[in-house]
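Trainee: Dock the two chains into a complex; use the hints.
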Amino acid sequence: MNDTIANIANTAPAHLVDTPNLERPDDFYQALIEAHAPLQPAESHAFNARLVLLLANHIGSLGVLREALHAARPDTGAATDTAH
Amino acid sequence: MKFAQLGSLGPDLAGVDFQALTFDYERAPDHDLDATAQHPAVVVGAGPVGLALAVDIAQRGLPVLLLDNDDRLSSGSRAICFAKRTLEVFDRLGCGAPMVAKGVSWNTGRVFFGDQQVYSFDLLAEEGHERPAFINLQQYYVEGRLAARAAQLPNLQVRWRSKVVGLVQDGPYATLTIETPDGRYDLRAGYTVACDGSRSALRQLLGQESKGQVFRDRFLIADVKMQAPFPAERWFWFDPPFHPGQSVLLHKQADDVWRIDFQLGWDADPEAEKRPENVLPRVRALLGHDAQFELVWASVYTFACQRMERFRHGRVLFAGDSAHGVSPFGARGANSGVQDADNLGWKLAAVLRGEAPDALLDTYAAEREAAADENILASTRATDFITPKTEVSRLFRDAVLQLARRHAFARVLVNSGRLSVPTVLADSPLVTPDGDRFEGPAVPGAPAVDAPLDGGWLLAATRHGGFTALVFGEVAPGLFTQAGMDDRLRVVSVAESRANALAWRRYDARPGTVYLLRPDQHVCARWRHPAPADLRTAHDRSLARETTLTEACA
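As they're listed, the protein sequences go chains A and B.
The opening position of the first sequence corresponds to residue 1 in the working numbering, with each subsequent residue numbered one higher.
The opening position of the second sequence corresponds to residue 1 in the working numbering, with each subsequent residue numbered one higher.
Incorrect hints may have been included.
Heads up, simulated SDA-like pairs for lysine to any residue below, C-alpha to C-alpha not over 20 Å straight-line [unchecked claim]:
#  : chain 1 : residue 1 : chain 2 : residue 2
1  : B       : Lys225    : B       : Trp297
2  : B       : Lys163    : B       : Asp24
3  : B       : Lys2      : B       : Glu26
4  : B       : Lys389    : A       : Ala42
5  : B       : Lys389    : A       : His45
6  : B       : Lys225    : B       : Leu250
7  : B       : Lys163    : B       : Gln38
8  : B       : Lys274    : B       : Arg218
9  : B       : Lys252    : B       : Met226
10 : B       : Lys389    : A       : Arg50
11 : B       : Lys163    : B       : Thr22
12 : B       : Lys389    : A       : Ala46
13 : B       : Lys389    : A       : Ala49
Source of the hints: derived by calculation from the structure; they are not laboratory data.
Being a predicted model, the structure only gives us computed values, none of them experimental.
Pulled out of the complex, with its shape left as it was, chain B reads as follows (with noise of 0.2 Å):
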């Protein structure tokens, strides 16, 4: 099909099979032309990071090219557990609302150990947030509803079959080869972003590596349909009856879909293990052998902690699994690359627009590095936890099993995945220190949290796209003004009443309180009581300016 006819099908949407579709490829205008086309921003990679920073972009008017070497999209789940945060950033790009409809909703995780379950938790312990802890999706509706938002967006093209071949770096822009079934042509992008996943064409066109630790295990995936009784939780088995020795996880997916995970350690054969005839009995073995289900995937996989060095190199920017891979245990791959997307987005719309100075990027490329550690440290201590490398760890894990069934404090140290949360920039260039004395988790650094807001959502009246003062209570009359901030910023006040009481207390809020939101929504800056050239300097910073305090106040 056409891909601008995916922008126009509206509620038809919901019954298309997007592991099926191609997309037709078209000629691109600029083989025939004269001059090389310019470009200002390129991304590559139309997966679910590639497709969100290329919304992203175009949503904020700015023209955006995106590539792909292939007409598709996702084929199987993959990736299948997509975290609060990363729905809150959908919902920003205009598709949340039918990727939550469409997912399988579940906050509750249980551990069993042997036969006996060792604990349930509840990620979501709380009331008044739009959104669940996690859905689980098969990425395929992820990378669809992104599409059919992409192709309702007349400033953003999609080539497809276009593959970049060439990449050199010479001026204030890089040069593209771009190879399609019509021959090649060369384009220059202002900033290019590499969304172009694992095995990244792009970062060994520039002769970068992403390095870390490989681990000596492989995971068997099956994806099977039936009619189950299980509730829509996460259940993680340690050393199953039904497949000793090893793990196993299960999770509910749209469709009636369920995706098993079977540990299969790193002497199976990956092409044996994968064959139905090899699948059917491990799914037997926990189903039971009269149950009735049909296999709708199966994949063998190994996984590294890895990442490159640096995100930024001059004019390219790398997003996704291409800047940085961890283990699948913790949902921590997808969700941080849409992350990154969220993270840079903004950035690259106000460097293009000269809003913003080129250094600006530096720290997409801080933010997102030091994140990158972050969830590659937690899903390492994870991998190490459910693949002992040792006999002593694991003694140590086993122990810490058996002491969690009767003992609380054992259960905190057992770990089937560490589930993704965001990160909180708190170290970022671009934060402001608090200077007053605030509680609560919506540290300088940190994203937004939601709570109800006047019969609505904090998150949903801070998703604009652009920077936001949120006001408790009553400030100073005249202090955007004053602070030459009232075309910069859209004020949201939060009154004090009861329907507004949850969103004063997630931010120890007191009559005057203002928090300083960039346009991802994390927090830059907060005060009890601003001066105007507190906003000024926080706002400045947090755009990676020079203050423009003096010219502001003379």
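Extracted from the complex, chain A is given alone in its bound form (with noise of 0.2 Å):
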């Protein structure tokens, strides 16, 4: 029985993925600017706030998320297009 569960694991990426993954991406983008416009700069925050929590539950693995937080730095914002 555990063997079933961690073969369900292992089904999710190990890695962050940063190669587009986005079903319909401008979609997503549009979502996004439209559920910050009617909201002021402190709400926004809190809503990304809460935003990036609920994401991260769905990601769930640490490993993936400290990847995340790491590719979410100011200063490595260049570096993700010479890993293509």
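Mentor: Here it is as structure tokens:
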């Protein structure tokens, strides 16, 4: 039984996916901006914090989350291009 | 009163006001000896940790001297949450039952954000444990019961108003200089254990420090006596309307006394805040303006998460707050200190009796330093959640609390204190790693898990003070004799029966499974079908001995 659970877990990516993976990128981006549209900056920050937490839980893997925390750092913005 | 009287009060102890007791100072015979008196074991500090350790050593039949610079027990409720594992240790020390009877048992906690409940939790969601997850009991009751137990033990000597003012290590002992109302005297101590609190005099005498992080926040404790309709639960508020921007914790103690902790912030004036005219309005804001209550005790505290780099310095060992400090969230101060005592008592006795090398005491330091790191990490994280240090930290904290109302995942992130659980000593050199496959919580290094056993309790059957072989079903006849261990351990058989089913499940037992428990009831090894040599090797290992296997089998 435990082997089955392990196999299911193994199907989740072990590393951060930073190649295109969004189902409909432009629709997502529009939805993100529209969600913020009615919000004041302070409310937007709070919204983003809740969003990060929701998405983090969805990802689950601490390893992947650490990679995302690393990739999101201000000084690593240009490095992702060279990886492709 | 004379300290010895405390041991003979029997049922009358129930009516004793432990806070009011003053123990008579008596002139120590050491003053009048020609040669310097020798004591194999000296414990400094008669708080919960020092009392527990002294009782443990004395129960093992060894003489122990307990020194205290004062002549009283704790004043004020101070540490009030005593965890299941601590109660199990107090049971082994012969004083757990009256504490549990007096204390307020609780398993449920509730967390509020603003004026709404975010969620509730049950700390002990399963049946089949003798002791509850926690009791709330004023520290003076805990010390009083430990002191009463200590007073029953003839080989435990307490000297009140005896302050250690000098410490020199220059041989197979330490020379302590003791200051008393009759002046000073010296004594030689084989081993000295400093249980003298966060401002440890012994630590200073050795030139050592406890280092770590000091938190810039202040908290007000208000103990109020009242008849209140609240249940015996732990209630924690983040940013409640009656104390905006800060946190508040409400807890019930014995005698209808309620503990309320108000977060005040760093800028609060500690002297002003504890004056009744300032405390009462805060309490009324919580309880309502017409609430009837009596303010019993108020105090303002700050805290640090810190520890000494090493808990052993030659023949001096540090236990409890002298060795490590944590924030109060999670009740990891007194509880971890009692676990220090639990870890050290049997080791000190084994070394003093010559049954184990001095190196066994190094493992006290290693095991409890690791435990301190675990407790410091947990309490630091709780403090960061309760007292966010930056704007963005508060933003995420509030986001977690907002999400937690509707989303179960966020509840696991809410941190109002990760409540004390015993440390699993998995990396200890005394522990034998599994060779066989096991499931469940009773891993090597973990404290034994309680379960009903033959109409009693498993932990009660294994708290005799020595090693235990917990045997499930039948093992090869003569196994323990062949291992040469008949006089080294007690065999506790767990027959395969309906009454013992929970024990079999919690230990993932099959017929022939054996668990070897240390005197402090931590698992040191387990097997599906051990050979005599397995038992002997694991036993030697848990005493830090070179294996004596060859002589045993020769």
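Trainee: With a cut-off of 20 Å on the C-alpha distance, tell me whether lysine 163 of chain B and aspartate 24 of chain B pass.
Mentor: holds (15 Å)
Trainee: Regarding the pair lysine 225 of chain B and leucine 250 of chain B, is the alpha-carbon distance no greater than 20 Å?
Mentor: holds (13 Å)
Trainee: Is lysine 389 of chain B close enough to arginine 50 of chain A, meaning Cα to Cα at most 20 Å?
Mentor: Answer holds: lysine 389 of chain B to arginine 50 of chain A is near 19 Å, not above 20 Å.
Trainee: Within a Cα-Cα threshold of 20 Å, do lysine 252 of chain B and methionine 226 of chain B meet the stated pairing?
Mentor: Holds - the C-alpha atoms of methionine 226 of chain B and lysine 252 of chain B are around 10 Å apart, at most 20 Å.
Trainee: Lysine 2 of chain B and glutamate 26 of chain B were given as a pair; does the straight-line alpha-carbon distance stay at or below 20 Å?
Mentor: The hint holds at about 9 Å.
Trainee: Verify the proposed pairing of lysine 389 of chain B with histidine 45 of chain A, using a straight-line Cα cut of 20 Å.
Mentor: Distance of about 17 Å is within 20 Å: holds.
Trainee: Given the hint that lysine 389 of chain B pairs with alanine 49 of chain A, test it: the Cα-Cα distance must not exceed 20 Å.
Mentor: holds (16 Å)
Trainee: Run the distance test for lysine 389 of chain B versus alanine 42 of chain A: straight-line Cα separation, threshold 20 Å.
Mentor: holds (18 Å)
Trainee: Sort out whether glutamine 38 of chain B lies within 20 Å of lysine 163 of chain B, counting only the CA atoms.
Mentor: holds (17 Å)
Trainee: Given the hinted pair lysine 225 of chain B and tryptophan 297 of chain B, is their alpha-carbon gap at most 20 Å?
Mentor: holds (10 Å)
Trainee: Between lysine 389 of chain B and alanine 46 of chain A, does the CA-CA distance stay at or below 20 Å?
Mentor: holds (17 Å)
Trainee: Does arginine 218 of chain B sit within 20 Å of lysine 274 of chain B, going by the straight-line distance between their CA atoms?
Mentor: holds (11 Å)
When held up to the earlier numbered hints, the structure conflicts with none and fits them all.
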